[in-house]
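Enquirer: Just so you know, the sequences run in chain order L and Z. Counting from 1343, one number per residue, gives the positions in the first sequence under the working numbering. Counting from 18, one number per residue, gives the positions in the second sequence under the working numbering.
Bear in mind the hints are in silico, worked out from the structure with no lab data behind them. These figures come from a predicted structure and were not determined experimentally. Think of the CB as a built atom: it goes at the ideal place given N, C-alpha and C, for glycine as much as any other residue. Some hints could be false.
[As the list claims (entries may be wrong)] In the DSBU-like style, the derived pairs of lysine-lysine whose C-alpha atoms are separated by at most 35 Å in a straight line are: (1) Z:K135 to L:K1566; (2) L:K1972 to Z:K258; (3) Z:K108 to Z:K86; (4) Z:K135 to L:K1710; (5) Z:K86 to L:K1500; (6) L:K1848 to Z:K125; (7) L:K1772 to L:K1631; (8) Z:K125 to Z:K135; (9) L:K2066 to Z:K86; (10) L:K2066 to L:K1710.
[Stated by the list, open to error] According to the in silico footprint, chain Z covers these stretches of chain L (three or more CB under 8 Å from chain Z): (11) 1634 to 1648; (12) 1726 to 1733.
[Stated by the list, open to error] Some chain Z residues judged to face chain L by a derived CB distance under 10 Å, without partners named: (13) V80; (14) G81; (15) C88; (16) H89; (17) W102; (18) I136; (19) A209; (20) R242; (21) V250; (22) A259; (23) S283; (24) H334.
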Amino acid sequence: MDSNNKPGFEKFRVPGLLMVATGLLSVGLWAQIDDSTKHAAGDNKHSTTPVSTGVSVDAARRSSDLPTTATTQDNEGQTLGGYVTKQSAEFGGRISGFTGNQGTWDTFVNLGTGPRLLEYTLDMHSPTHVGTLFDDLSVSSFGYGGDPNDLSRLRISKGSLYSFGASFRRDQNIFDYDLLANPLNPATSTPAVPILNSPHEFLLTRRMTDVNLELLPVSPVRFKLGWSRVVNEGDTYSSTHQGTEGLVFQPTLNTSDTYTLGVSFRFIPRTSINYDQFYTYFKGDTSGKLATQQQQALFGIPGFSLVGGLPVSLGIPFNTAAGQPCATPVIGTFANQACNGFFSYSRFGNNRNSYPTEQLSLQSNFFKHVDFSARFSYTDAEADTPSLGELFSGLVTRTRQANFSTTGAAVAKRITANGDLGVTIRITEKLRLIDNFRYNNFRIPGDWTQTTSSLFAANLLTTPNPFSLATCPPPFTATTCPQHSSSSGPDIANDFENQFLRQEEKINTTELEYDFTRRVSAYAGFRYERRDTTDNIQDNQLQTYFAGPTLAMSNRGNCAGQPVVNGVCTVFVSNVFPLISDFTEINGYSALVGFSARPTNRLRFSFDTEQFYADKTFTRISPRHLQVYKGRVNYKPYEWMTFAGSVNIRENRNDTADIGNLQHNRSYALNVIISPSESNWGLDLSYDYNDVFSQTNICFVATPTPAGALSCGAPFLSGLSVYKELSNVAGGSLYWKPARRVNLGVGYTVTSSTGSTLILNPNAPTGPLSFNYHLPLASVAIQLSRNLTYKTSWNYYDYNEKSSSGPTLPRDFRGNAFTLSLRYSM
Amino acid sequence: MLKKTGTQLWLPVWTLAMAYGATILFGQSQSGNASRPEAAAGKQKSATSLKQGEPAVDPSQYVGAETCKTCHEEVAASYDKGPHWKTMLAKHQGPEYQGCEACHGPGKAHAESADPDKIIRFQGLSRVESSKRCLSCHEFGQEHANFLRSEHVKNNVGCIDCHSIHAPRVETQLLKAAQPQLCFSCHQETKADFSKPFHHRVNEGLVSCSNCHNPHGGFITHQLRSTAAQDAVCFTCHTDKAGPFAFEHAPVKTEGCVACHSPHGSSNPRLLKRSQVNLLCLECHTFTVDSAAPAIPSFHNQAQKYQSCTTCHIAIHGSNTDHFFFRQ
């Protein structure tokens, strides 16, 4: 702290109030300009690849990206126990607030108020490489205390003995963009029930841990050990389709562990042979149950009860004109007993997946003119769901199903054989032949056996009757008999379903590369790919139909005309759903051409194109014709000024008459960075124009008929699914260092999107296709002493959609996030 | 058909064989590693120079890193701090793989004359040549094995465009700048994608470009990484979507996640390619003769709740319990 007495410091002591006021000024993405220029005299001197100083703005970023007068790496450090030790710690807090839609704010920003450990870093280095346990240690972390993204990294190494790396990442994901999975209930419905949140909203926390240890990293035999874990946990909402769609609450827990063991042999000169084993074990422990009335109320769904007070859920969709959940859901103040509804629903069934993989790889340039790389791997994965259970109680009016339980088990495998080979042959010093060959074959057989037992009732207030000869004797007309209708499904269904999905893919790319000079090169090549895809699905059922309330009911459905014994009919039904048996063979051909040049050390440009044709596609929106054009230029007229531009155009189409798919994605981007090394300011400007377009012929059913729609075979209508989006993304940031101890920054990023699309539901707004998203920011960093820096920043978030909000809450929001911190460095 | 497949498989093999023949015919006078003048200068075969057909290395032309440090003090400090000092520990390799001379070639002539032209300087090399200097050591790990066949090298971007050996901004990987700024300096259009409302958390520092892409090349287009089981790299984090499922939504596995999602960023929720989810579904599941995808049933009135396909078909990435994806 003796630096407090250094000349020049006194005049920058800013009163606290002024400091806070100044703190409302800026954030920075640009503090690094000051630091990076220090390295300009190094080997960056002749680089023609400029480094952008700014990225899109978010306060939830690493604090080291904000203005500071020193990063840990720039610290002088202290020698402790033989190690040069550098350390930085930044404590502070955030103050945030918003107006508007909380769901969208949480989805996009999710920054709360509270104290934070914004960043901590520690570097220890043994300059003579004689550390006892390690020569180098590096720790860094940020975001702890409540930010949505937390990250910690650790790296340790000791000479030729080991290299160890570990990281932990935690991110909180809130999703509630209210239009997604929203049934868009019309205001004309009785009752009118706008769904205020996305029925598929979630609050999940993902924790990712990676640990890697390399033993003997510079020896002829090297070992690798690794473990990584991904845990995704939290609360999600979903829905289930049973007559109406009920809101389902899903406590979610998915855990995946991957273990790695590898050895690398480097006995043959310029050659390595590696053998790796991987084992991944996935545990899916997600269950679901009908959301409670309190939970449904959060979505704007009112609580209903039947005459007598029995609570019932009528689901999410309310469009009474279309009979959803029924024409008259509410009679008086009670739910209609003849309506689709839920009393309860639950689903449980853990699944366990294991993926053992063996991999052999080889890299070599042993031969004079050839270097190559190869990899072969084999995986035999299995997914096991031993005991699914699903229980439903309520009413599906169409079938009178009032109760069912489903139990069953599923097994699926995935067998993958993969081989990759890349070869470069240097025909002459300037001419190279490159070949890449990839073979990938996977097959996924899956089997599912289940038993569904159903009970039937006339309405929600009728107790569903099970079938037995004691309670339902011939002629099966007693009131204690099951109350089937002619549309009722089987009372017991035993399913035997299986799917087989297989794909064999072979891709070969051959290219000739030629260096005209050391600064100019070009290539031309050809890619051939062949895909054979098989997709089979078959579902066979053993169906049992009981009689009631008449004997004839046992001959309903697939039992029509079948023998009935004691009111019971059993029938085996092959392909209860249409059999899918599809084989697709695709041959694709690409011409590849490109060139690049560095006429001077300050200018680089390149151009690539791919012209692709396929004789068939697997999906309608996959391209049969594809053209890709990419151009990039980087120009650095001065060491402190960089211009960069890129053009990226992708045009694809599937011109089969019935499909008429036409798509493009065209992007044009510019970037200018000005950072005079002798000056105290820097500027970063960027702009991107993105034009996305797609159209495809579709057939659909919609009432009323949209304008211009033609018949596609009654009741289907034909139309053109059009999607147009024009996005402008502009950003600018200005960094200014008015005094030796003060860094200021201001910036602004705006994303403005307009577009149009085919809208088949009259209640659907354009939504996310037309919006402005403004992100201004400001920051200040003041070095209080040699070790201590005060930092503050302000981020503003303004999202507004340029269309009507539709039958739900507007998704616009405006919010502020202030970050104040003290950074201590040594 | 099998015969046809066999012919196609032999085609690349035949092409390679022909090319290698041409190499033997035309390439004998060419140095296989033109950027290693130490090889050309060598007269005496070194025990460590076993590359077939390459001239031997003369160990006497190497002076060792300590000699370099006597003049290049500032650079020596960065060398000692960075990872390259460890090359001195690889005693099983020769002097051409150790210390400063591993990159800059034999230093004796330069040390004796102080002539900068008598040492390899990277500024004068093409990007392929300079990258080959680095790859003479780094090519033999799986991470860098395909760099000379990568999109970057094809576009005149070499190792030293992203890495700074003596003045790195990020010391752990010797990078010139931290990700994603480093990548955005060329991929400006991608920078814009991450400014869209829905995006992967790259700007926030949670995910790096190199988590999904291998900037050093690979066998998959867009230099994408994959899971160990050769599945889409997306499943590294989105583990619950990986399956295998008893009922696969086939395009997820055959076309990949990008059939429906824009992975960098999107204006649309869940990074979808369409703002109206039903259009995304209908473009494949339509009443047509040219697609195996089953069409929507006639009661799916798009003007009603059926426009929200995933309200019912919740397990659209695959299901173990329902082939209509009604259950997970």
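Enquirer: Please verify whether L:K2066 and Z:K86 have alpha carbons no more than 35 Å apart.
Expert: violated (61 Å)
Enquirer: Taking the least C-beta to C-beta distance, is Z:H89 closer than 10 Å to chain L?
Expert: Given a least distance of 12 Å, the restraint on Z:H89 is violated.
Enquirer: Hinted pair, alpha-carbon criterion (35 Å max): L:K1972, Z:K258. Please report holds or violated.
Expert: holds (32 Å)
Enquirer: Z:K125 and Z:K135 were given as a pair; does the straight-line alpha-carbon distance stay at or below 35 Å?
Expert: holds (9 Å)
Enquirer: Should the hint that Z:C88 touches chain L count as held when the rule is a Cβ pair under 10 Å?
Expert: Violated. Min distance 17 Å.
Enquirer: Does the structure keep L:K1772 and L:K1631 at a Cα separation of 35 Å or less?
Expert: violated (67 Å)
Enquirer: So, Z:H334 near chain L? Judge it on the closest CB pair being under 10 Å.
Expert: Violated. Min distance 12 Å.
Enquirer: Verify the proposed pairing of Z:K86 with L:K1500, using a straight-line Cα cut of 35 Å.
Expert: holds (23 Å)
Enquirer: Going straight from one Cα to the other, do L:K2066 and L:K1710 come out at no more than 35 Å?
Expert: violated (53 Å)
Enquirer: Taking 35 Å as the top limit, are the C-alpha atoms of L:K1848 and Z:K125 close enough?
Expert: Violated. L:K1848 to Z:K125 sits at ~50 Å, over the 35 Å cutoff.
Enquirer: Answer holds if the nearest beta-carbon of chain L is closer than 10 Å to that of Z:V80; otherwise answer violated.
Expert: violated (20 Å)
Enquirer: If you count the residues of the region 1726 to 1733 of chain L with a beta-carbon closer than 8 Å to a beta-carbon of chain Z, do you get 3 or more?
Expert: n = 3 at 8 Å, threshold three: holds.
Figure legend: structure checked against the earlier numbered hints; hints not met, in rising order: 1, 6, 7, 9, 10, 11, 13, 14, 15, 16, 18, 20, 21, 24.
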